[in-house]
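**Q** Chain by chain, the residues:
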Amino acid sequence: MNRGQIFSIDFLIAMILMIFFLGLILSLGELQGYERKEERIRYELESKTESALISLVNSPDYACKLDTNSYLAYSFDYSKINLISQDDLKKSLGLIDYNLSLILNGHIDVNHNDAHNGTNVYAIDLNVLYCDSEVNFSDLNSCMNGTCSPTLSNQILKLKVSK
Amino acid sequence: MIQNIKKVHKHYFFMNRGQISIDLLITLIIVIMVIGAFTIIVSGFESGQDEFFLRTQLRENSSALASFITSTNAISDTNFTTQLMIHNVNYKNISKQPLVSIDQNYIKLAFDTGAGTIQESSYYSKPINSVVDRNGNFLVVSNE
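For the record, the sequence lines run as chains A and B.
Using our numbering, read the first sequence as starting at 56 and increasing by one per residue.
Using our numbering, read the second sequence as starting at 62 and increasing by one per residue.
No lab work stands behind these hints, which were simulated from the structure alone.
Check before you lean on any hint, since a few could be wrong.
[As the list claims (entries may be wrong)] Keeping only pairs whose Cα atoms sit at most 27 angstroms apart, straight-line, the calculated BS3-like set for lysine-lysine is:
no., chain 1, residue 1, chain 2, residue 2
1, A, Lys-213, A, Lys-135
2, A, Lys-218, B, Lys-169
3, A, Lys-92, B, Lys-153
As the structure is a computational prediction, the values presented were derived from the model and not from experiment.
Please model the complete structure; the sequences and the hints are all you need to start from.
**A** Structure below.
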């Protein structure tokens with residue numbers, strides 16, 4: 056080292072490497088945090104969508120009612136859905152902060168359709184019994200034997216949720 | 062004259078035995094400052110990460126509880142009592158139950174870190190006649 060020299064070149068290189076290494080560790084930590092946040096958003100979206108779908112196809116508020124005064128599990132009464140506004144439906148399904156769309160056999164329900172502009176979108180397809188009024192027990196029996204009537208049919212309900 | 066200056070100059074840089082040079086002192090001060098700055102950056106980062114992971118746990122737990130309550134809409138035409146365990150959250154090697162408060166449509170989980178309370182909430186929907194309450198480590202929803 057020369058007289059008056061404060062740092063040797065070795066020391067400066069060591070410092071630069073140390074700063075670089077520290078920066079790398081911090082950015083890896085940030086990346087881990089970001090991934091955890093993404094994972095949390097995905098988990099929350101999945102869990103909310105699944106519970107909303109269970110409520111939608113099993114709740115007496117939306118499920119098909121039989122003439123025997125019981126409700127069909129995994130069914131969907133469109134006449135009930137049609138009466139409820141999009142905001143009330145979202146409140147009822149616990150999706151107040153989310154965008155929600157209902158799609159029946161590929162056809163979007165225009166009364167219940169939000170724009171999904173977010174990056175996280177989750178959708179579930181489910182085979183349901185579709186009706187638009189009260190169902191007779193004989194119709195259910197016929198449907199179980201493979202000949203569904205227009206009042207009760209098998210359809211695919213897609214619930215699409217995003218944030 | 063020139064010889065005198067040289068003499069003085071030479072005398073100025075002469076170090077006694079055991080004396081620490083000004084170069085070494087400056088180096089030590091700078092090294093201490095750099096290490097101090099790194100320590101502050103790393104501890105700030107760690108603290109931020111701890112808070113972030115606590116928030117994530119509170120958010121996930123409140124969301125799971127809200128989804129559980131919302132799912133009971135499916136059996137709202139029956140008499141039922143159902144319960145779900147409220148999981149502990151971890152913060153700086155401490156694992157304990159969060160404080161649970163249940164509003165009309167929001168479930169809030171809070172955790173006292175010592176420096177302040179961190180709270181996360183999640184929206185739920187429940188059947189009109191059902192009651193949501195806490196019983197020990199469990200969240201209980203009943204419709205009877």
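**Q** State for each hint whether it applies.
**A** Structure-based check of each hint:
1. A:Lys-213 x A:Lys-135: Satisfied, since the Cα-Cα distance of roughly 17 angstroms is no more than 27 angstroms.
2. A:Lys-218 x B:Lys-169: Roughly 20 angstroms separates the two Cα atoms, so the pair holds.
3. A:Lys-92 x B:Lys-153: Measuring from Cα to Cα gives roughly 19 angstroms; hence the hint holds.
When each numbered hint is compared with the structure, no violation occurs for any of them.
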